[in-house]
Every structure is written in C-alpha cells, then in structure tokens.
Amino acid sequence: MKKKSLRMIALIITCMLLGAAGSAWSGAKVYINGFDAAYPPFTFIDKSGKPAGFDIDAVNWIAKQMKFNVKHQPTDWAAIVPSLKAGKIDFIASGMSITPERQAQVNFTEPYWQVIQLLVVKKDANLTVKQCLEPGRKIGLLRGSAESKWLTDHMLKKGYKFELRFYDTTPLAIEDVANGRIDAAAVSNTALKEARDKGLPVKSIGRYGQPDVNYGYAVRKEDTGFLKTLNEGLRKLKASPYWQELIKKWDMK
Amino acid sequence: MIGNGWKEALEGLPYILQGTWVTLAVVFGALALGLVLGLVLAVGHVYGKPAVRRGIGLYVWFFRGIPLLVLLFLFYFGILGALKLELSPFVVAIIVLGLISSAYQSQIIRGAIKSLPEGQMKAARAIGMSDRQAIVFTILPQALRLAIPGWSNEYTVILKDSAVTYALGVAELMTRAHHVAARTYQHFWLYILVGIIFMVLTFCGTRAMAMIEKKVAIKGYSR
Amino acid sequence: MTADEPILVVQDLRKRFAEKEILRGISLQLHRGDIKVLIGPSGAGKSTLLHCINLLLPADDGRILLHGRDVTGFRKRRVYEYRQKVGMIFQDFNLFDHLTALRNVMIGLVRVKKIPKNEARRRALRELERVGLAEHADQYPAELSGGQKQRVSIARALAMEPEVMLLDEPTSSLDPELTGEVLTVIQDLAAAGMTMMMATHQFDFAESLANEIIFMEDGAIVEKGTPQKMLYAAENLRTREFCARIHGYWENPER
Amino acid sequence: MDEFLFLRQEVAPALMSGLWMSIRLILPSAVCGLALGVLVGVLRIYGNHFLKALVGTYVLFFRGFPLLVQLYLWYFGLPHVGIYLSPYMAAVIGFSLCSAAYHSEYVRGAILSIKKGQMMAAKSLGFSHTGAIFYIILPQAIRRALPGSGNELIYLIKYSSLAYMVTCIELTGEGKILASAYFKYMEIFMIVGAIYLLMVSLATWGLNRLEDFVAVPGFERIHD
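Protein chains in written order, with this note's numbering: chain A, 1 to 253; chain B, 1 to 223; chain C, 1 to 255; chain D, 1 to 224.
Heads up, a few of these hints could be off.
Said to hold, decoys possible - Here are the computed lysine to aspartate or glutamate pairs in the EDC-like style, where the Cα-Cα straight-line distance is at most 16 Å:
{"hint": "1", "chain 1": "D", "residue 1": "Lys184", "chain 2": "D", "residue 2": "Glu10"}
{"hint": "2", "chain 1": "A", "residue 1": "Lys88", "chain 2": "B", "residue 2": "Glu11"}
{"hint": "3", "chain 1": "A", "residue 1": "Lys47", "chain 2": "B", "residue 2": "Glu8"}
{"hint": "4", "chain 1": "D", "residue 1": "Lys115", "chain 2": "C", "residue 2": "Asp92"}
{"hint": "5", "chain 1": "D", "residue 1": "Lys116", "chain 2": "C", "residue 2": "Asp92"}
{"hint": "6", "chain 1": "A", "residue 1": "Lys47", "chain 2": "B", "residue 2": "Glu11"}
{"hint": "7", "chain 1": "A", "residue 1": "Lys50", "chain 2": "B", "residue 2": "Glu11"}
Derived from the structure by calculation, the hints contain no laboratory data.
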C-alpha cells in the first residue's frame, strides 16, 4: 500500500516533467508570436485571459490570409530578442520599435505604425522637458526598451546626469509617475493614451529628442521566407478596409 | 482608486489561476530534480571519500550562497547562452530552482542519515550486505521517512521562491498578475490576490505532506 | 507586633484546576522561627499550596496574611515586594541556566532590589559561602551537580533576605547521595532561626527539625501535630497508614 | 589588458556602488527585522488574546506571501491607498517585516523550549512579569533562537537581490544593467555571485563567532 502510493507520486512527478518538457518543444508547425503581455493597446491579455490588442488582431488576420497557423506567447520584454534568436518564439509582433541595434540582431518587416516618444509627467506638474533632463531627475522606462537604449546612448553618455529607473512593464513606469516617485516616464504616445483612458493623472510634455519610431514585426535573420510572407500580409492588410476598422476598434488615432 | 478595483482584479482571477499549473509544475519539477540530486549528494557527503565530500561541500556552499535571482540570470543569460543551449525560461526555472533545492535537500537527507543510530549500518554489514546494499535497503528507507518534515518546509520555500521566476517571464502566477495589471492598473488588489493564492497552495501542500508522512509512518519514526 | 503574633497566616485557602479541587480550605499559621513540614501522598496539594502562598498561583478563595496584612488582593508592585519577603525553593532548582552561580544570586539583588553591582556581588559571594559554594561561583548551572544547584538556589533565595522560606520538596529530584549536602544547609538555616515551611518525604529529617508536621491528603489537612505524635502515634488512620508506608520504604529502599 | 581596463573602469565602480546599496539595504533590515521579530515572538507567547491574534495573523500572512509579492505590494500596491514609499524604503520595510515574521517563529519556539520553572523562579524572587521576560527568559531564548535567526539573516543577504525588482538598484541591479549594456552576462553575474558568496560566507563566519561568544554551558553551538 505504502509502496504503491510512493510509486504513484513518482509517476505523477515524471508525467509532469515529461508534460512540461513536451510542451516546450511541441507545436513546431505553428508560428509563435512572442509578445509583451503588458503593452496595451498593441498587445495585452484581455478579460477572458486571451491575448488581445491591435497587433494580435492584425497578425491573426494576416495568418488567415497567408494561410499559416499562429500562436501568441507572452514573453518577458527584456529577454524577447534573445528568445527570438534562440528559437523559443518565431516572430515578434508587439509594438516593437525598429532600431539600428535591433536590426543588427534580427530582421524587421516594413513599418506599419509610427509612434512619437514622449516624456510623460504628472498632470499637475510644472516641468519642461529640459527640466526633466537635469541632474537628479528620475526618468522611468521599460527595461530593455528602445527608449532606454536611446536615452543611454544619446543622453547619459553625452554627459546628462538624470537617473534612469527601469520597470518590468510600461504601465508600471507610468503608474510610478502618477505616484509621484519619478519625475517622468519615457513612453510612446499610444501607451500614454492608454494610461489616460484608464484614468491615470498624467500628461505629455512633448518629445525628448528621440526620433519618432516605426513599429515593425521582428523575424530571425535566416527566416527570409517568413519575412516575405509577413510583409505581403501587412501590405494586404493595409490595403483592406479591416485596417481602418482595427484603428477604430483600438482607438489608435 | 480603491473602490471597485477589487472587482476588476477579481475578473482576472481565472486567467491568473491558470498560472497555478505553471507554478506547481515549476515547484514539483524543481523538488523532483532536487530530490534525485540531493539523494546522491547526501549519500556522497556521508559515505564518500574526503575529496568527494569536499567537492559536495563546495557545491552546497555555492548554491546556498548565491541569490536565486542572480543564479536565474547567470544560467538563463550567461551559462546557457555560452553553451548555446536554447531552453525556455520555464525549463531554466526548474533547473535553477532544482539545483538550489538539491543543495538544501542534501542537507536535509544528510541530517536524517546522521540521526540514525550507528548500529544500523553495522547490523546490515553483519548480515552480509555490501555498503551499497546497506545504504539502499536499510539506511535510506529510514532516513527518507525522517526527512519528510524537512521536505514539507522545502516545498513552502520553493513555492514562494518560484514567484521570482517572474523575472524571466515564466507564465506563473506573478507574471500573470502583471499581465492583468497592465490592462486594469489594479496592482494593489492583484498582489493581494496572488499572495492569497500562494498561501492556499502552501496550506494544501503542507497538508498533503503531513498526510504522506502519516501514511508512510512506522512506529518510532514519527516527528 | 508581639512575639506570638504569627508572621504568615493562611485562611481557608481554596484552589481548583478545571473540575478538580486541589485545595479545599487550608488554614495554618507560621510563627517566627517555626519549621513546619508538609507530608502526604503525591497529588495531595502540597506543592500547589506552597505555590499559592508565594502567589505564583492565584488562589480561588481564602486569605493569606503577612504580618496581619491580606496579600491576596495585592497587585503588581506589592506582589513583587511580598515575594521578596517570602523565599521559594523549587523541587527542580530552577536556576537561571544562562547565568553563573554568582550571577544567579546577584540578579535579584541588582534587577529587583536595585542594589549596585559591587555591593550585590559582595552579598552574593557571602551567601554562596554560607552554602559552601564560594569556589563554584563562576560555574554555570550545567556544570554543577544537582546538590550544588539546589544550594545555589537556596543562596539565591536567601540573598533577598526573606522572612519566610517555602521549600517544595528540595531534595526529591536529587540522587540519594546528594541529599545530605542540601539537608545540611537547611539544618544550618533552621539553627539560625529561619522561619520555614517545607514539603518533604525525608521523615527522619522532618523528625529532627520540625516543630510541627502537617499531613495533607486530597487538598485538605488531615491531621497536624508534633513529629513524635504524627510519626508514632497519629490519631487518624490515614496518617498512620501513610507514615507506615513511608517508614517501610525507608527501611526497605528497594521497595 | 582591455578586459582589465573594462573591469576597472566600468564594472568595478558600478558594482561597488551596487554593493554599497545592498549593504545599506541589508543592515537596517537585519536590525529592524530582528528587533521586531523578538517583540512579535514575545507577544505571541505572553500577549493578551487580542495581541496574540493580531501578531498571529501578521506572521501567517508575512510567511505565506512570497517576499517578491510583498515587495511589489509595498511599492506598487500601497500608492492605491495613498502611501508612497521610495524604492529604498519599500525594500527595507518589506525585508524587515518579512524577516521579522520568520524571526518571531524562532524566538517563539525558543521561548517555548525554556522550562516553565524559570519564569516561576524569577517571580519568586520578586521579578515583575516583564522584568522576568527581559532579564531571565529572553537572554536564554535568544541564545536558543540564534541558529535559526542567524540563518534568516543569511537569507536576508540573498533576498536583498529582490530589491532590484522594485527599481532599487543594488548589486544585482547594477549587474543586470552592466550585463545588458555590454552583453557580458556570464562574466558579470559570476562576479556578482562571487560577491554574494563572500558576503554570505563572512556572515556565516561572524554568526558562528557570535554563537560561540554568547555560548554558556548548556547553550553551546551545535557543531556539525
């Protein structure tokens, strides 16, 4: 009796391990989209627990048009490019800025959306962009984001002395601006709009110098065929009335 | 902000709860890996040659002295990157938590072995068993029973530590809470919710362990 | 205060634990220089009685008077003062395990009586000398024998300069060969005129020392009288039976 | 040579400031956690019904919630009820409250392991209740609790790395920033790990010395 129960436990544990391992390398025929589950309205998890957002809808439409299967996989943003290169995911359609640094690592589709990078401060704050960049000021942003790379390379390394605070998600950074613990957050205009829609008392004080960035889907360098598929899909999508429908649905403009 | 926030947070519960399976898979995967390695390490630590013992001591010192978060980063970004091993955060979480747990479990089992009367080994040899047989058939069956309370504790530790794997984006409870938070901005309630889920898992786990302990108990081997 | 006025009076003391009545109306008096010995089977309530008198256990009913003042209603500070006047020796010594013998004796002086350390040390050493343990002053309880521990605990109680000492079977957890040293110390105390109430099974000792023996059973005093009367000519049948049994034990220690 | 310069000019200063931050996190948390833990442990035994229930609930929740969840709760959760803590304060409070809950368990166990007679003997000498706890019970209980509480301090050193998750950039945080900036994950995290190993080993050594120092016969350290 005792032995049996011990064996049962061993069996269950083995099954769990196998199951876990299995899920890690199953589903090879499906293209996995790694996305930031905390970047509304582009990509997030909806009330029912399913991936949702502008990019998710767009990819689903493209997949249907171009006849491939797609699965959306929430992935930690700071590790998303390594994950793509390592083959844990097959592409990234998640409001990703096209930057030279990233282009050195992966290929991007043609741009499908342009965002403005802004400094966001508390609603009642009397701060200018210039003041936000003064020594001792704290600017929050998403860990591993294009903003963090740009601010480090073009500001901090050029002698600016403000402090960068890194957050796991964009909403957490904006939240902390509202909390008054950091002076500003460097985010895109869409992220700001989303936060304001949720009632956060924040406002934009304008661009901080980073050129407006284009969003594109990222694919591994060697997957040229798939890149073509995605580009073609994007072109079709933009030409179809569904594109305007999407923009309206996610209230993008 | 506090008003109806909890309702919105609660709507995210089903999605967060799916993370329970991920959390439990990580925890039990790590415990199983830790048990297998820990057993070998413990036996080596008690019965091995001095060099083996020193090696095991070093291993235990290493994995007990470095924070989980640092080990997660070291393995996920560092070692596995250098080895060109492409493992998902989920698997890395199991491996790292398992290695840490093996260091602790080896100490639990070692303590249990050492608490057995010395006569047990002698008696086993006296009836003609080899050392290996003596360990497998007389020492370990007793020691493993004595180790159950220690494991119960180890379960609660690993369970709570598993929340840290959020740093790699493993889709466990904490990660999922943040997914919901990105949509609802209800951080306060979501953290409370996740904490309570962890408490329930702790409670159920320790209860189950106590039941197992009772099941395999022999007179004289109770707590 | 006249000489024959009692120091300590216990009136109709009652105590119950849950359903069981442990003390059912105990009354007795202690005069200066009195040495009263409590005997009786285990569970008779001797220990509870002593604890109640020291206010370590609250009595449910009855009065305890020290110099005519009722102490049962005392609170906090006055209880602490009362306890300093009534010393207590426990069956299992209860030395403070983290302190040396000397510090055990000193701590009450320093922390309770607020005597300066040097003075306290001097007095503590004097008390230890009195019980013959001056050379063990720096040893910890774990390094002392049972008899030595009990002597330290007597020194500790004496240092507080009590008027009455309550001794709860001071030798019962000692090996037979160690009881002698403790009994000698108690004898010395008696000779010095200390007022004492002691629960014990040491009949021969009780006989030579006590001016009254009190026999307790089931939480009540069955009979009391001089040692001669109690041990050899008790009126009550239960007393006689008990004494006979204990005598038998002493004559035939292997039982 | 390049490697050496890189180490000296980029890595060493950043990690040193991170280490300093870690120490500034660990020391106050250790002191506050221990003090609060002793208090809670005493209240769990000697408190009245209300206090017992209160600290019991406290211990239940703070031992039940993962520390990471607690830190997020302090940092990102509390603003929802109008309390704004800096990353540093959130981390120190989080660490202190969590480790106090664990310390209290050890202290409570240690107090329970002390014979009832010690309290009685103290009272029979005229000690007040609090006086007896303070001068007689606690000095013994803390010696008994030392191995467990010492372990808790070691845990604190390691868990201080979680402060990085609530944007308090300490050793791990500086390491992560350096590693991502220069793509030298392996080297940097090896160095960071080594520093933690050093801290933990030093603390272990110090705690053993302390245990030997306060040991009296009957309360010796159990060598293994």
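Agreement of Lys47 of chain A and Glu11 of chain B with the hint, judged by alpha carbon distance not exceeding 16 Å: holds, 7 Å
- prompt: Does Lys116 of chain D pair with Asp92 of chain C here, judged by a C-alpha cut-off of 16 Å?
  reply: holds, 11 Å
task: For the pair we were handed, Lys50 of chain A and Glu11 of chain B, check the Cα-Cα distance against 16 Å.
output: Within the cut-off at roughly 13 Å; holds.
- request: Would you check the hint for Lys115 of chain D and Asp92 of chain C, treating anything up to 16 Å between C-alpha atoms as holding?
  value: holds, 10 Å
message: So if I understand the rule, the pair passes when the alpha-carbon distance is 16 Å or less; does Lys47 of chain A with Glu8 of chain B pass?
response: holds, 9 Å
- prompt: Given the hinted pair Lys88 of chain A and Glu11 of chain B, is their alpha-carbon gap at most 16 Å?
  reply: violated, 30 Å
message: Hinted pair, alpha-carbon criterion (16 Å max): Lys184 of chain D, Glu10 of chain D. Please report holds or violated.
response: holds, 12 Å
Comparing the model with each earlier hint shows a violation of hint 2 alone; every other hint is respected.
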